[in-house]
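Full structure from sequences and hints, please.
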Amino acid sequence: MSPTFVTVIGLEVHVQLATRSKLFCRCSTRFGASPNTQTCPVCIGMPGVLPVMNGEAFHLALRTAVALNCSIPEFTKWDRKQYYYPDLPKGYQISQYDLPMSENGYLEISDPKERFETKRVGVRRAHLEEDAGKSMHDDAQGTAESRIDLNRTGTPLLEIVSEPDMRSALEAKTFLTELKLLLTYLGVSDCNMQEGSLRVDANVNIHVTTGRDVAATPIVEVKNMNSFRAVERALAFEAGRQFEHWRQTGQRLGDVPKQTRGWDDASGVTRPQRHKEESSDYRYFPDPDLVPVKVPPDRVERVRSELGELPAALRQRLVQHYGLSSYDSDVLVNQGRPLATYFQQVADRCGDGKLASNWIQQDVLRRLNAEGVSIHTLALRPEDLAELLRRVKAGDVDTTRGREVLDAMIAQRWSVDEAFSELGIESLDEQQLVALCRELVDANPKIVEDVRSGKIKAAGALIGQARQRSPNANPSRVRQICLALITGDASLP
Amino acid sequence: MGITKDQVRKVALLARLELPDEQLEVMTGQLAEIVTYIDLLSELDTDRVEPMAHAMDLANVFAEDDVEPSLDRDQALANAPRHDGQCYLVPAVLGDS
Amino acid sequence: MTLLELTATEQLRQLEAGELTAAELTRAYLERIARVEPQVQAFTRVNADAARQQAALVDRRRRQGDRVGRLAGLPVAVKDVLCTQGAPTTCASRMLADFRPPYDATVIARLRAADAILIGKTNMDEFAMGGSTENSALHPTRNPWDLTRSPGGSSGGAAACVAAGMAPLSVGSDTGGSIRQPAGLCGVVGLKPTYGRVSRFGLVAFASSLDQVGPMARSVEDAALLLETLAGHDSRDSTSANVPVPAYHRSVREPLNGLRVGIVPEHFAQGLDADVEQAIREALRVYESLGADVREVKLPHARYAVATYYVIAPCEASSNLARYDGVHYGYRWSPPPAPVGGEPVPSPPDADESDLVRLYRRTRAEGFGMEVKRRIMLGTYALSAGYYDAYYLKALKVRRLIRQDFDDVFRDVDLVASPVTAAPAFELGEMVHDPLKMYLIDLYTVSANLAGIPGISMPCGFSSSGLPIGLQLLAPSFGEEILLRGAYRFQQVTDWHRRSPSL
Chain A
1 MSPTFVTVIG LEVHVQLATR SKLFCRCSTR FGASPNTQTC PVCIGMPGVL PVMNGEAFHL
61 ALRTAVALNC SIPEFTKWDR KQYYYPDLPK GYQISQYDLP MSENGYLEIS DPKERFETKR
121 VGVRRAHLEE DAGKSMHDDA QGTAESRIDL NRTGTPLLEI VSEPDMRSAL EAKTFLTELK
181 LLLTYLGVSD CNMQEGSLRV DANVNIHVTT GRDVAATPIV EVKNMNSFRA VERALAFEAG
241 RQFEHWRQTG QRLGDVPKQT RGWDDASGVT RPQRHKEESS DYRYFPDPDL VPVKVPPDRV
301 ERVRSELGEL PAALRQRLVQ HYGLSSYDSD VLVNQGRPLA TYFQQVADRC GDGKLASNWI
361 QQDVLRRLNA EGVSIHTLAL RPEDLAELLR RVKAGDVDTT RGREVLDAMI AQRWSVDEAF
421 SELGIESLDE QQLVALCREL VDANPKIVED VRSGKIKAAG ALIGQARQRS PNANPSRVRQ
481 ICLALITGDA SLP
Chain B
1 MGITKDQVRK VALLARLELP DEQLEVMTGQ LAEIVTYIDL LSELDTDRVE PMAHAMDLAN
61 VFAEDDVEPS LDRDQALANA PRHDGQCYLV PAVLGDS
Chain C
1 MTLLELTATE QLRQLEAGEL TAAELTRAYL ERIARVEPQV QAFTRVNADA ARQQAALVDR
61 RRRQGDRVGR LAGLPVAVKD VLCTQGAPTT CASRMLADFR PPYDATVIAR LRAADAILIG
121 KTNMDEFAMG GSTENSALHP TRNPWDLTRS PGGSSGGAAA CVAAGMAPLS VGSDTGGSIR
181 QPAGLCGVVG LKPTYGRVSR FGLVAFASSL DQVGPMARSV EDAALLLETL AGHDSRDSTS
241 ANVPVPAYHR SVREPLNGLR VGIVPEHFAQ GLDADVEQAI REALRVYESL GADVREVKLP
301 HARYAVATYY VIAPCEASSN LARYDGVHYG YRWSPPPAPV GGEPVPSPPD ADESDLVRLY
361 RRTRAEGFGM EVKRRIMLGT YALSAGYYDA YYLKALKVRR LIRQDFDDVF RDVDLVASPV
421 TAAPAFELGE MVHDPLKMYL IDLYTVSANL AGIPGISMPC GFSSSGLPIG LQLLAPSFGE
481 EILLRGAYRF QQVTDWHRRS PSL
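Residue numbers (our numbering), protein chains in the order written: chain A, 1 to 493; chain B, 1 to 97; chain C, 1 to 503.
In case anyone wonders, no lab produced these hints; they're calculated from the structure.
All C-beta atoms, glycine included, are put in the ideal place defined by N, C-alpha and C.
Do not take every clue at face value.
[What the hints assert, rightly or not] Only pairs whose alpha carbons sit at most 25 Å apart, straight line, appear in this in silico DMTMM-like list of lysine to aspartate or glutamate: (1) B:K10 x C:E366; (2) A:K180 x A:E12; (3) A:K134 x C:E254; (4) A:K81 x B:E50; (5) A:K294 x A:E74; (6) A:K77 x B:D66; (7) A:K77 x B:D74; (8) A:K354 x A:E306; (9) A:K294 x B:D57; (10) C:K437 x B:E43; (11) A:K354 x A:D450; (12) B:K10 x B:D21.
[Claimed, not checked] Computed footprint of chain B on chain C; a stretch qualifies when at least three of its residues, placed anywhere within it, have a C-beta under 8 Å from a C-beta of chain B: (13) 231 to 244; (14) 308 to 322; (15) 329 to 338; (16) 354 to 363; (17) 393 to 405; (18) 435 to 441.
[What the hints assert, rightly or not] If you want the ones that stay clear, here's a sample from chain B, every Cβ over 10 Å from chain C, calculated: (19) E18; (20) E25; (21) E33.
Next up, the structure:
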């Protein structure tokens, strides 16, 4: 009987909170500064210094925890996690151990392509801690020394630990994508993996079923995944590797200590990482330099009421209120709150959600992606786009011509009226249209014959001719009128 | 609850202290004596007592999220025993990029 | 009375009245330092030039009628555990021998704003760990009353400095008695404020939940004057109390009626030196003659205080001292150069440890003295896996019981009186090889740190061999006013504090 396996994944995500200053001192957290130019005696851990907690950091952490549906204990404290490393100047990290600020939450994930069922991934805990510095080793130099930059030391981090509820690399990637979306909607983090404001480690093992026996393999911690795609690839690889390993060794959970492996993106494999000096005894104890934080229930409620509309709720509302498909709703929401807001403003004003959605997806998004700009810098106000769409909807201009108008509006910063005027778009009145069509029908006996013998589509050529003669001729009106003339519809004047 | 030389050796590693053998001997004896004295505390029944981690009842002390000037790099590195003008230097820590 | 025998209060009055210049006063103290410091060795560093400059500046501003600070012109010596910007702050340790902090401790900033003359940094037990100032990496300080004896510790230098007339005021730190015990052994006044009363920002940490900075002086009045400048909320210290600072210097002279003083019978039971007991009992009779009601009180958990302290303090210290690793500041071990043409000698005992770990272990082995290492080891052990509940957590619980004892006692009395030490100053070298015996000296003082309450020590007599004996008073949290007033009353009718050693 051929064994099958299920992958079990838990994720540990470190999110840098978007405060201006550090968690325990007032140094800037700006990314990209020259080494050791954003430090002070406090974050360097000089003798005699003391930490004072950044209130905004706690607030952002609290908002996130509430948005993740966590329970918020009324009393929380900070603990020292002690170990020696050159990028940890105090010899301890201020973190949270046994009374974290939040726990037992969840994040719902779903797949528009339905490759897995919608589910809730548990959030075991989310707590606030300080970041360490950076340790750099330049092999090329051939030196036996590492260089330490403490700029990052003391940056506020929210550590989010999930339950091992994910059952595939895809679920893990979806969790991360959804988490990032939530965090950007909340405005609590830049979530930029390239800049290190979002880091992911995974714990993964597999459960192998052979007949009636289910064997769990030892858990492996996977590190060094620098993008969501890398996470997906790494976990898929690791599951397969563990299966092979199990086939060869039969090792089960508990047989060996937890291993740490690093993902090598270039080679597409995980490799064992260097064994630590001794098993980590972090000697946690409450930090005597910090006082506890009390969070009364009414503060939690206030935070909850001020979260703003979050992605999950927004997706639903776009479907229900604007009649969008799930797919379209997803696309818009996943672009971030500014674009979703833009969409709503356009849709509300032009009165047609689907139309607005189509145009925004096709024209606006395409342009944003091509030019690498954000919705904030797009030179097209929602009210102007909405006006254009109203005209399109009313038939004043067809879609194709409408696109030309849009391009011109953006390039020249014209209003709709200005663009119509400059491009010479006028609605032809009915009489003019009918007159035009009569001319074309008379001039194209072959096409008339084709249509009369059932090839309705032949009328399309007349539309092209009409537009050549008069760019403002509405194609669908032309088609209707021509057909009516050809078939002798008496409804025409 | 005594303390053995082997335990002391492990603690010395945890504490990042190198203790030559004679010091290890003396230290073990002294620590054992102190630890025995400290065991006095086990006489007390403290099951229903709340630990007192702080001398006062403060809570919720926060600072505003306002950036203040950092040290100049020269100032920051001025006391560093070994640096290259930009970064602190330490014996290679393997496993870094 | 010579200039140096005047109280700081009186010196200040004369400075303000123009009867005395800061330059004259500073010169007098610098001359005294030149004469007696070689014998006492109270300082790690004397800032003679800077002191003269500061004094000249104060005089000029006074002459011009400019506003000057509260302590303008008064020399103050500061324990070398407080960070002074740009100047060496060594904590009497090899580890920080060359450390120059780029910032001032908050109390130092306050002293500068008060225009005090920062005359020098004083010697101490390394990283404030010890009770004799013999654990200084530089040299021991000697008791001005008997140069073969210890001045106590860890603020031994600060106490000796004032006792020897080398400064009118000094600032020390107290974690388990390190201000009060040396004050008692040197015959001066030393006060440990309520925890949170004075900012700890810039105080090199020993045990964060116990450390406090406090004043030392010849008289209670002077201690009140200095405390007023040191005290106050600091937004850079999360444990700093946001409680207004009373005008201690003025209120110290206010009348005090119906004072109730508690004494603990157990304090007089075990191994108390006969001279000390006599002096204390005599002091209590003085209080009675002043109309105080002296009565017995109980501190049922007092006998557990030293054990509790010697869990909590080393645990916190082991963590606070982890930062000394040779990487970002301070001492750093260097590997010896390999012999020419030969292999570098592999280093026992863990030849396979990484270079980084070796750097840490050797830096700390060479940078720290034995007492510091001992406490780091003890603290690391007590916090390590499996021991947290039995030691640290247990000690925090007993701490609460000790605090509750005081809460109960202060319902019935205003102050608790006791000896500061069981015996007068011991000989240098007498205790150094018996750590536990040294720890037990802290018997009378550690409870105040554990409970977070204020305490003062002042001279109340002399032993038959002419060594000072100190009386300790304890008050409830933020009870500094009653503490100072109660002590001041005693000094109004006694003159122990006016005696000076014959150096």
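Against the structure, the hints:
Pair hint K10 (chain B) plus E366 (chain C) holds up; C-alpha atoms about 19 Å apart against a cutoff of 25 Å. Distance check on the hinted pair: K180 (chain A) and E12 (chain A) sit about 13 Å apart at the alpha-carbon level, within 25 Å; holds. The hinted pair formed by K134 (chain A) and E254 (chain C) fails the criterion: a straight-line CA distance of about 58 Å is larger than 25 Å. Of the pairs offered as hints, the one joining K81 (chain A) and E50 (chain B) holds, with about 22 Å between alpha carbons and a cut-off of 25 Å not exceeded.
Straight-line distance between C-alpha atoms of K294 (chain A) and E74 (chain A) comes to about 5 Å, which keeps the hinted pair within the 25 Å bound. Taking the CA atoms of K77 (chain A) and D66 (chain B), the gap is near 23 Å; set against the 25 Å cutoff, the hint holds. The hinted pair formed by K77 (chain A) and D74 (chain B) fails the criterion: a straight-line CA distance of about 35 Å is larger than 25 Å. At most 25 Å may separate the alpha-carbon atoms for a hinted pair to count; K354 (chain A) and E306 (chain A) exceed this at roughly 29 Å.
With a C-alpha separation of about 11 Å, the suggested pair K294 (chain A) and D57 (chain B) falls inside the 25 Å cut-off, and the hint holds. With a C-alpha separation of about 21 Å, the suggested pair K437 (chain C) and E43 (chain B) falls inside the 25 Å cut-off, and the hint holds. Using a Cα cut-off of 25 Å, the hinted pair K354 (chain A) and D450 (chain A) is violated, with the two alpha carbons roughly 36 Å apart. Restraint check for K10 (chain B) and D21 (chain B): the C-alpha separation of about 13 Å stays at or below 25 Å, so the hint holds.
Under a criterion of three residues with beta carbons nearer than 8 Å to beta carbons of chain B, the stated coverage of the stretch 231 to 244 of chain C is upheld, 4 such residues being counted. Using a Cβ-Cβ cut-off of 8 Å, 5 residues of the stretch 308 to 322 of chain C lie near chain B, which meets the minimum of three, so the contact claim holds. For the stretch 329 to 338 of chain C, the assignment as covered by chain B holds, since 4 residues bring a beta-carbon within under 8 Å of that chain's beta-carbons and 3 suffice. For the stretch 354 to 363 of chain C, the stated coverage by chain B holds: 9 residues have a C-beta nearer than 8 Å to a C-beta of that chain, and at least 3 were required.
Coverage of the stretch 393 to 405 of chain C by chain B holds in this model, with 10 residues showing a Cβ closer than 8 Å to a Cβ of that chain against a need of three. Counting residues of the stretch 435 to 441 of chain C whose beta carbon lies closer than 8 Å to any beta carbon of chain B gives 3, which meets the minimum of three for the stated coverage. The non-interface label for E18 (chain B) is inconsistent with chain C: the shortest C-beta to C-beta separation is roughly 4 Å, within 10 Å. Its beta-carbon lying about 13 Å from the closest one in chain C, E25 (chain B) satisfies the requirement of being farther than 10 Å from that chain.
Distance to chain C contradicts E33 (chain B) as a non-interface residue, since its nearest Cβ pair spans about 5 Å, not more than 10 Å.
Hints 3, 7, 8, 11, 19, 21 from the earlier list are contradicted by this structure; the remaining hints agree with it.
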